[in-house]
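2 protein chains.
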Amino acid sequence: AVLRLHFIFLCSPTVFQNIGGGWIEAQNSRGEVGLVPEDYLEVSPVLASPTPLQPSNSRVPPPPLCPSPSQQTSNGGGDPWSAWNTDATGGASNNWASKPEGTQTGRSAAPDPWGAQSHPQAYQGPGKTGGNLGPEPWTLWWTANQSNRAILGGSRCSNCQTFVRLPLSRFPGFSKSGPELYLLAKQLVKGSQKLSIYMGEVGPVWSYPDNQLDCVVADPKKGSKMYGLKSYIEYQVTPNTTNRPVNHRYKHFDWLYERLLDKLGSAIPIPSLPDKQVTGRFEEEFIKMRMERLQGWMTRMCRHPVVSSSEVFQLFLTYKDEKDWKTGKRKAEKDETVGVMIFATIEPEAPDLDPIEVEQKCDQFSRFTKAMDDGVKEILTVGQEHWKRCTGPLPKEYQRIGKAFQNLSSVFNSSGYQGEATLTDAMTAAGKTYEEIALMVAEQPRKDLHFLMETNNEYKGLLGCFPDTLAVHKAGIEKVKEGDKLVATSKITPQEKVTMAKRVSTMSYTLQAEMNHFHSNRIYDYNRVMQLYLEEQAKFYETIAEKLRQAHAQFTTM
Amino acid sequence: AVLRLHFIFLCSPTVFQNIGGGWIEAQNSRGEVGLVPEDYLEVSPVLASPTPLQPSNSRVPPPPLCPSPSQQTSNGGGDPWSAWNTDATGGASNNWASKPEGTQTGRSAAPDPWGAQSHPQAYQGPGKTGGNLGPEPWTLWWTANQSNRAILGGSRCSNCQTFVRLPLSRFPGFSKSGPELYLLAKQLVKGSQKLSIYMGEVGPVWSYPDNQLDCVVADPKKGSKMYGLKSYIEYQVTPNTTNRPVNHRYKHFDWLYERLLDKLGSAIPIPSLPDKQVTGRFEEEFIKMRMERLQGWMTRMCRHPVVSSSEVFQLFLTYKDEKDWKTGKRKAEKDETVGVMIFATIEPEAPDLDPIEVEQKCDQFSRFTKAMDDGVKEILTVGQEHWKRCTGPLPKEYQRIGKAFQNLSSVFNSSGYQGEATLTDAMTAAGKTYEEIALMVAEQPRKDLHFLMETNNEYKGLLGCFPDTLAVHKAGIEKVKEGDKLVATSKITPQEKVTMAKRVSTMSYTLQAEMNHFHSNRIYDYNRVMQLYLEEQAKFYETIAEKLRQAHAQFTTM
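Just so you know, the sequences run in chain order A and B. No gaps in the numbering here: position 531 of the first sequence is 531 in full-length UniProt numbering, and each next residue is one more. No gaps in the numbering here: position 404 of the second sequence is 404 in full-length UniProt numbering, and each next residue is one more.
Hints in this document: simulated from the structure, not taken from any laboratory. Beta carbons: idealized from backbone N, C-alpha and C, even for Gly. There may be inaccurate statements among the hints.
[Claimed, not checked] Covered stretches of chain B (chain A as the covering partner; in silico rule of three or more C-beta atoms under 8 Å from a C-beta of chain A):
#1 368-374
#2 389-397
#3 406-415
#4 519-532
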């Protein structure tokens with residue numbers, strides 16, 4: 001039966017999911033559904049994830065260099081799952097640590113050195129000490145995969161290990177229609193929720209609500225489905241508006257992210273969710289880390305007036321029951337005001353901008369976000385090295401100093417000389433003090449550097465969204481520049497040219513409101529994280545000094 | 001003329017010395033004396049040293065594997081100075097850092113890993129920062145040698161680079177006569193100064209003077225001779241007894257060391273002088289370092305009741321004029337109570353010890369000194385690594401953290417957003433704080449670790465003398481054990497056997513007094529150095545914490 005199933009899967013794997021407990025739920029091309037022991041299949045990261053894979057959705061097409069499953073024969077000529085591996089790339093691109101390096105690649109998951117050297121907590125299991133960095137998700141996956149029985153495939157398609165670029169058409173503003181869809185729309189959507197932009201002290205700003213939305217992500221609980229065969233983690237999300245908790249799994253957050261990206265991504269950078277973890281999903285430390293990052297993501301979304309007031313975000317936070325949630329989901333998925341059309345709902349309450357000013361602003365923000373991206377990456381690199389040193393060689397050295405003092409003390413103790421005790425007691429205490437300092441040094445990064453890293457990691461992710469947002473604007477600007485030519489060749493009417501300039505002005509106001517929103521949050525976040533870092537650092541050194549003073553006091557004053 | 005001189009030197013180099021200023025004073029086998037420019041000769045460490053070389057003294061014979069100068073031809077077949085290089089070995093053996101590893105090798109200069117990795121100040125010039133270790137003297141010498149014009153030699157004798165074992169007969173107690181010279185002496189020296197040993201609270205103790213002798217080594221001055229052609233450094237030594245300074249060059253200290261070693265070395269461990277430096281003798285930092293170490297050596301000698309009361313030591317500290325000094329020198333060099341005969345001047349005021357107790361004490365001290373030697377070396381190794389880290393990678397990392405904060409701050413400053421200044425000013429200040437911390441970290445080892453290292457280095461040298469001292473005792477013990485056999489074979493009389501046991505008891509009292517002296521000094525020294533270390537460490541961390549608090553205060557309280 002197993003062999004038959006294999007054969008069926010090799011021929012046409014359509015839908016299957018890992019339901020946990022060592023079982024895979026699978027459906028073949030003939031619509032037959034059944035459970036297959038996990039060990040009999042090569043497990044791709046998607047299989048390991050609770051999120052059902054939907055190849056028909058073709059969110060991530062197979063890499064061009066790999067034969068597609070249908071091209072493969074069943075006699076071991078290739079790895080039928082190789083195409084599916086690409087979804088792991090999608091997962092990796094969800095990691096805040098990885099971001100597009102250039103503006104042209106869109107949200108493709110380019111290999112990122114930081115992604116592979118994330119500070120330890122991101123990938124390490126609870127058993128590990130901070131000293132060694134966890135492997136990056138890819139490594140984890142390959143290792144896991146190789147330790148499983150590989151029945152299905154023969155030689156592996158080596159190209160499948162490379163990262164895959166997502167097609168540009170996937171992203172709003174990168175389709176061939178691009179911002180033109182909005183710039184040249186005959187009639188803008190009516191009756192839709194309008195988004196206002198005002199002139200504030202700092203320039204264009206979004207209309208902020210009187211009461212800041214906020215929510216708490218807490219209380220992760222293991223839930224199960226399918227008669228206990230399938231288990232998952234559910235988080236409790238409590239908004240400050242209703243104070244009524246709702247439960248959400250990671251895949252719900254992911255769904256929300258997708259909706260926000262579709263709807264608002266052209267105008268507002270929507271940061272990726274924390275990465276999908278491949279192994280050790282239920283390890284305590286991982287769950288804590290994911291919750292912390294989901295909290296960070298939700299807080300950022302709550303703080304954004306456009307996101308927080310959006311219907312889909314409100315649904316996520318305040319759905320009443322399962323039926324309400326499902327109805328809301330269906331509605332949100334049918335929403336047609338997506339991509340660049342979001343600009344049609346924006347109403348700047350200020351005079352139109354000159355195209356030159358539009359371009360200047362766009363370039364200014366482009367330069368700033370690039371420079372900040374570099375600055376943030378520098379901190380991450382330096383912090384990563386410091387993390388390694390603080391959890392590796394440095395505490396080892398303090399420990400060795402401590403041991404050396406204690407060893408000498410015990411030698412002294414063997415002298416047989418009278419009046420030795422005061423010195424040997426004091427030296428032993430000094431040695432123990434250095435051992436304590438060693439522990440403190442190794443633990444410290446989790447207390448301060450961690451938050452500095454997390455904040456910068458978050459900003460790296462956020463900054464990584466700007467190239468796309470800015471590209472939409474640049475495409476709009478280029479279109480307006482072509483205006484005269486388009487009129488001359490009768491591609492557009494003179495009236496349409498005027499409309500385009502007006503709409504590109506709206507896009508620029510949006511960008512400026514967004515940048516001002518970014519700046520004010522950035523100032524708040526960096527103020528807070530720097531204060532926390534310096535406060536913890538000062539405490540750390542004060543504690544060490546205090547311990548040393550106590551050790552010092554044990555020696556005889558002469 | 002130059003070529004002719006070369007030829008003469010190659011044939012029979014007898015006596016020459018570096019008189020400084022680039023000139024070598026040399027005498028050929030025909031007794032002709034003249035000055036040769038230094039650059040025309042390969043400079044051996046001896047040449048670079050102001051101490052005149054006396055090959056006829058043969059204190060250090062040429063290494064057995066090297067052809068002696070007289071065996072070499074003048075046509076470039078070998079390096080005529082190779083034999084002389086061995087004196088550099090003698091210099092290296094004077095380094096406190098190098099010590100005999102085993103008891104059998106006596107004071108030979110075995111290669112010592114610590115010797116080659118001494119903490120930086122020992123060998124570094126003033127221009128260097130602490131980050132890199134200075135090369136060990138050998139390396140310095142070879143480098144210097146290779147950069148000079150090598151006119152004289154052809155291929156170098158590679159064996160000459162190895163260290164040379166000094167003959168055992170060089171050391172008291174290792175000569176074939178050994179302690180028997182004392183144990184079986186018919187008549188002990190009369191009228192010589194007597195050294196008393198009393199029973200104190202802790203056991204046998206030397207008779208200590210009421211007023212502790214002390215001296216200050218200070219005020220190093222460059223002096224010159226030979227019409228300014230020869231220059232040297234003279235230190236001012238002021239004893240607390242006369243408060244009248246006397247001047248001494250390093251070579252005078254070395255002469256004193258040799259006299260003390262000859263006279264007292266069988267009973268009292270006489271630590272070596274700080275190492276002879278080959279290059280950069282006049283560099284400020286080296287002079288300061290040597291002075292500090294000479295001070296340490298003199299302080300230790302002053303503290304020893306037998307050393308400090310010895311005639312030669314008193315001469316060194318209180319000679320009245322040049323004539324007085326020269327007369328005293330001649331007298332000291334003629335002193336016949338040297339080697340094991342020092343025991344003849346010792347009078348323990350306590351009943352004779354049983355040979356079994358003598359052996360137990362000897363073994364106990366042997367174990368203790370070995371264990372302490374290990375403990376001290378561990379601290380030196382760990383300290384050395386810590387020194388490297390504190391002056392190398394660690395401050396670099398703090399500097400990079402500081403730079404990263406400042407860079408991000410300057411990016412923020414370019415945002416064009418209002419109200420940015422408070423954050424950017426605070427972040428710049430935080431960045432500068434980390435740069436200051438980097439400097440503090442790099443400077444700190446000189447303030448605390450330095451003294452911990454110096455003290456342990458000093459003890460390593462001192463402990464390295466014990467194997468010889470203990471070997472004299474062990475040889476005595478063995479002789480007494482053979483007593484019955486020697487009487488039976490009429491090698492000694494029964495009376496001589498009794499005398500031997502009595503005299504070995506005197507040796508044991510000496511060892512015990514010496515160990516008790518060692519213990520009491522050790523407790524004092526380690527108490528002091530640990531206090532200093534912990535005090536400076538606590539201050540260091542307090543200062544860092546304070547700086548961080550100040551940096552913290554610049555951020556906006558929210």
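We went through each hint and held it up to the structure:
no.	hint	result
1	368-374	holds (count 4)
2	389-397	holds (count 4)
3	406-415	holds (count 6)
4	519-532	holds (count 10)
Checked against the numbered hints given earlier, this structure breaks none of them.
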